[in-house]
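2 protein chains.
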Amino acid sequence: MLTVFGSVALDTTRTPFETRERILGGAATYASISASFFAPVSLIGVIGNDFPTSYYKMLADRLDLAGLVTSNDKKTFFYDSSFDYDLSHRTTNITELNAIENFEPPVPSEYVDSRFVYLANNDPDQNIKIIDKFKKPELIVCDTIEFWIENKRDAVIRMIQKTHGVVINDQEARLLCNTSNLVKCGKQLLSYGPKFIIIKKGEHGVLFFFKDNIIPIPGYPLESVVDPTGAGDSFAGGFMGYLVSNRTSGDFLHDLTLMKESILMGSVMGTFAIEAFGTDRLFEINKMNILNRFDLYRKMLSI
Amino acid sequence: MLTVFGSVALDTTRTPFETRERILGGAATYASISASFFAPVSLIGVIGNDFPTSYYKMLADRLDLAGLVTSNDKKTFFYDSSFDYDLSHRTTNITELNAIENFEPPVPSEYVDSRFVYLANNDPDQNIKIIDKFKKPELIVCDTIEFWIENKRDAVIRMIQKTHGVVINDQEARLLCNTSNLVKCGKQLLSYGPKFIIIKKGEHGVLFFFKDNIIPIPGYPLESVVDPTGAGDSFAGGFMGYLVSNRTSGDFLHDLTLMKESILMGSVMGTFAIEAFGTDRLFEINKMNILNRFDLYRKMLSI
Numbered sequence: 016m017l018t019v020f021g022s023v024a025l026d027t028t029r030t031p032f033e034t035r036e037r038i039l040g041g042a043a044t045y046a047s048i049s050a051s052f053f054a055p056v057s058l059i060g061v062i063g064n065d066f067p068t069s070y071y072k073m074l075a076d077r078l079d080l081a082g083l084v085t086s087n088d089k090k091t092f093f094y095d096s097s098f099d100y101d102l103s104h105r106t107t108n109i110t111e112l113n114a115i116e117n118f119e120p121p122v123p124s125e126y127v128d129s130r131f132v133y134l135a136n137n138d139p140d141q142n143i144k145i146i147d148k149f150k151k152p153e154l155i156v157c158d159t160i161e162f163w164i165e166n167k168r169d170a171v172i173r174m175i176q177k178t179h180g181v182v183i184n185d186q187e188a189r190l191l192c193n194t195s196n197l198v199k200c201g202k203q204l205l206s207y208g209p210k211f212i213i214i215k216k217g218e219h220g221v222l223f224f225f226k227d228n229i230i231p232i233p234g235y236p237l238e239s240v241v242d243p244t245g246a247g248d249s250f251a252g253g254f255m256g257y258l259v260s261n262r263t264s265g266d267f268l269h270d271l272t273l274m275k276e277s278i279l280m281g282s283v284m285g286t287f288a289i290e291a292f293g294t295d296r297l298f299e300i301n302k303m304n305i306l307n308r309f310d311l312y313r314k315m316l317s318i
Numbered sequence: 016m017l018t019v020f021g022s023v024a025l026d027t028t029r030t031p032f033e034t035r036e037r038i039l040g041g042a043a044t045y046a047s048i049s050a051s052f053f054a055p056v057s058l059i060g061v062i063g064n065d066f067p068t069s070y071y072k073m074l075a076d077r078l079d080l081a082g083l084v085t086s087n088d089k090k091t092f093f094y095d096s097s098f099d100y101d102l103s104h105r106t107t108n109i110t111e112l113n114a115i116e117n118f119e120p121p122v123p124s125e126y127v128d129s130r131f132v133y134l135a136n137n138d139p140d141q142n143i144k145i146i147d148k149f150k151k152p153e154l155i156v157c158d159t160i161e162f163w164i165e166n167k168r169d170a171v172i173r174m175i176q177k178t179h180g181v182v183i184n185d186q187e188a189r190l191l192c193n194t195s196n197l198v199k200c201g202k203q204l205l206s207y208g209p210k211f212i213i214i215k216k217g218e219h220g221v222l223f224f225f226k227d228n229i230i231p232i233p234g235y236p237l238e239s240v241v242d243p244t245g246a247g248d249s250f251a252g253g254f255m256g257y258l259v260s261n262r263t264s265g266d267f268l269h270d271l272t273l274m275k276e277s278i279l280m281g282s283v284m285g286t287f288a289i290e291a292f293g294t295d296r297l298f299e300i301n302k303m304n305i306l307n308r309f310d311l312y313r314k315m316l317s318i
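Protein sequences, first through last, are from chains R and E.
Last residue of the first sequence? That's 318 in my numbering, and every number before it is there in order.
Last residue of the second sequence? That's 318 in my numbering, and every number before it is there in order.
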């Protein structure tokens, strides 16, 4: 089982073409739904007393929710943002932490044996506490965001030291490593201890750092983008889900072919996420849609 | 023989780390030197009465200069620019057209049988005139720049209609096609008639459009960038040179494997160009350096 810890949110998302209010969102939502196409997923997080039952049911259909707490006296984490005409720059309008502020995440007893853990963009101190609760983790991967790098830089690095892999976007990597060159960023992040680093570059794909390998993987070229929200989280979920479900030995982190394939699958899941508003497309697609795009992508990339 | 038409310049290039004044530059210089590693190259252009003899000799060592005119009463095209700290944004300080203003490019009689022609960022009307002088071209490729798109949009499109392929950067493609989505740009450019379109995305590689194929190719990850000048022109030269020297039949534009390899080689030449100031690195490297990086790059990209 893959355990995902992170935010479940209500999002108001505005593009120049359409606005959707209080739709299902959150880093852990995207990551866990994306991963659920490949592996059983359990979700640790918190929702508030305003979380619609219909959304809860959508999650419950796909995920083990024993770790999803409902706060009776608080509202759900709320995020309101606007995209520019290019859909490439996002402006935050409102962030209400609500239930996730000072949340003490439980790790249900049935999860402590989880061997695979994905930690979305949480407080690094919280992530460190969570990591220590798992008994025999084989793969712990984290992401982080600008807010934590600026406010808890040392904790972010301590968190990274406790993981097997980091998935991080280009701007965050530059901020954390204090250099604009992404090759230097990747090497620096590897030096903290993880076995691999994936720097996400949005539509431009990723740079994958693994031992002495630096492998650039281009993005899948997409003609229609509706809402870029959740691309990176869906990438992480697809990557983790594919990786843990296709491993053939305990030594799977040394299987370079599997790692590359998992990155391709992560990218594929990211492209589906952004083809419609919020999580709509992730709830529409089936395994066949995913495998078809994966095959097409592989063919594109054969040199 | 590959014929390159475009600017030979004197550049003053300023980075936050170093400034070099009046060094050898120009789109056609980078493209033709880069191509000369793979094929015999003839250069059509103009220099002024201030062009240093040492630079002329450097060009004459590598290129056929029968088409390089010296203007006795004008100075060489001069371009002064500054890069920001990231080396990702360039500001133009001075542009003096000098000899290239109203230049009527000759096509020496020994060039009219050239089957392969690369037209750098020239006035599109001038390029159209030049194209008509070649008797039996098999491969005409052009680039263009923002200045011509803004001032001679219709002529740019008429020029593209007369080529077999276009190499253009992402921002120029967006400007020309009036859409931010590069997949849409590529399709629109193909609809003007060329057999292929290469949209350059700098460090992020290229999108290659060829019939119904859209192929993303990531950039070679480079840790040390000194001066980004000439990356795109060196790409174009390496691409053209490799393509024409490795073709095995008259139908080489349908050889998808060769086209992809040529793009990789273009990228490799672009990375060498930016490792030192101006053209310094292109004059330092040898064929072995190039082939080693090409092999490394191919290995990185094998999925």
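No lab work stands behind these hints: they were computed from the structure.
Worth double-checking, as some hints may not be accurate.
Any copy will do: because identical chains look the same in the list, a pair fits if it lies in one copy or spans two.
Stated by the list, open to error - Computed list of lysine-lysine pairs in DSSO-like fashion (alpha-carbon distance at most 27 Å, straight line):
#1 K199 / K314
#2 K314 / K202
#3 K89 / K314
#4 K216 / K202
#5 K148 / K216
#6 K90 / K199
#7 K275 / K216
#8 K275 / K144
#9 K144 / K89
#10 K275 / K314
#11 K314 / K216
Just so it is clear, the structure is predicted and the values come from calculations on it, not from any experiment.
Structure versus earlier hints, numbers of those that do not hold, lowest first: Per hint list: 3, 5, 6, 8 violated.
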